[in-house]
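S.K.: In case you want the letters, here they are:
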Amino acid sequence: MDALLVYVLRLADTCLIHSQRLSEWAGHAPVLEEDLALSNIALDLLGQARALLTYAGQLEGAWRDEDQLAFLREERDYRNVVLVELPNAVASPSDGGGRDFALTTVRNAAVALWLELLYERLQTSADAELAGIAAKSLKEVRYHRQHSGDWVVRLGDGTDESQARMQAALNVLWPYFNELFAAEGVDGVGPAWSELAPPWHARWATLMTEATLTLPRESAMRPRGIDGIHSEHMGHLLATMQHLQRSYPGGTW
Amino acid sequence: MSNPRNEWPLWEVFVRSKAGLDHKHCGSLHAADAPMAIQMARDVYTRRQEGTSIWVVRSEQIVASDPTEKGSLFDPADDKVYRHPTFYELPDELNHM
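Protein chains in written order, with our numbering: chain C, 6 to 258; chain X, -11 to 85.
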């Protein structure tokens, strides 16, 4: 597959699947105000995924549009990082299908910071389409980073209970962060994700200090969702996400 | 009933829709502090392009007139039509005043 197409799909699918997981909070967030905030973030990410998937469809040149790419691919064809497909509560697998606000908060903050750094660089891409999508999306993810970062500090530097939950969420997610820096770049078009690692780690460390959370030790785990190797959670997520389009092919609102 | 000490305080939200217009009261929400109230107001009340500026103020900081005094406060204005500038003869050019 073309290197640029893979690059775009990795970003597009990460936005798409992150959005899908976040949307599971609709109607279930701790307070109504945050319910809307999480839904807004999910919709922003879905918008970014749409633009990127539409572009991926053009690059592919096989007449697949955003809907076909989003809803009619097989699991191995998705190139998102495993981090975003993890359920909203993996700290306590016993409450399957549960929602852990600490986990969602840590993941949102980590991904938003990563997207911000990536879009900042893509703004000046030689690829005009990617540069345009990045410029528009940057404003959105800066707000996501601000909003979720505030929560990380509030809950981390909060009560004993909230700090313990945040630390537990961070410990669970930490090994999966490695994949955010694993994808190759495309010369002149998009940076290798490894270039994002130094600024991401520097800013994350600052956030963790402010939130009085302890950085876990470096993990050797190397998830490869970006190559289509997903966790056991991905199939279930896709079953939910694709159900309507597979039951009623071509169905529209 | 939940302990009110565990509840976030209530905030009143005012949104200005366009430069030059006034901020208008559009509702209230719960938030832990001012920065969170601004973010929540943004997410709850401006998600359909309603706003360009937001004010929030703690609801308890608003001093309101007493509804039981409505009669003495507002009824006396009922028969003071001369306070409306409607008795001037206007030139024809000003038809649309």
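Don't read these hints as lab results, they were simulated from the structure.
Any given hint could turn out to be false.
Claimed, not checked - Looking from chain C toward chain X, a few residues come up when the C-beta cut is under 7 Å (computed): (1) Ala34; (2) Glu38; (3) Leu41; (4) Asn45; (5) His152.
Remember, it's a predicted structure, so these values are computed and weren't measured experimentally.
By construction, the Cβ of each residue, glycine as well, lies at the ideal position given by its N, Cα and C atoms.
S.K.: Let me make sure I understand: some of the numbered hints might not hold for this structure. Which ones are they, in numerical order?
M.R.: Number 1 only.
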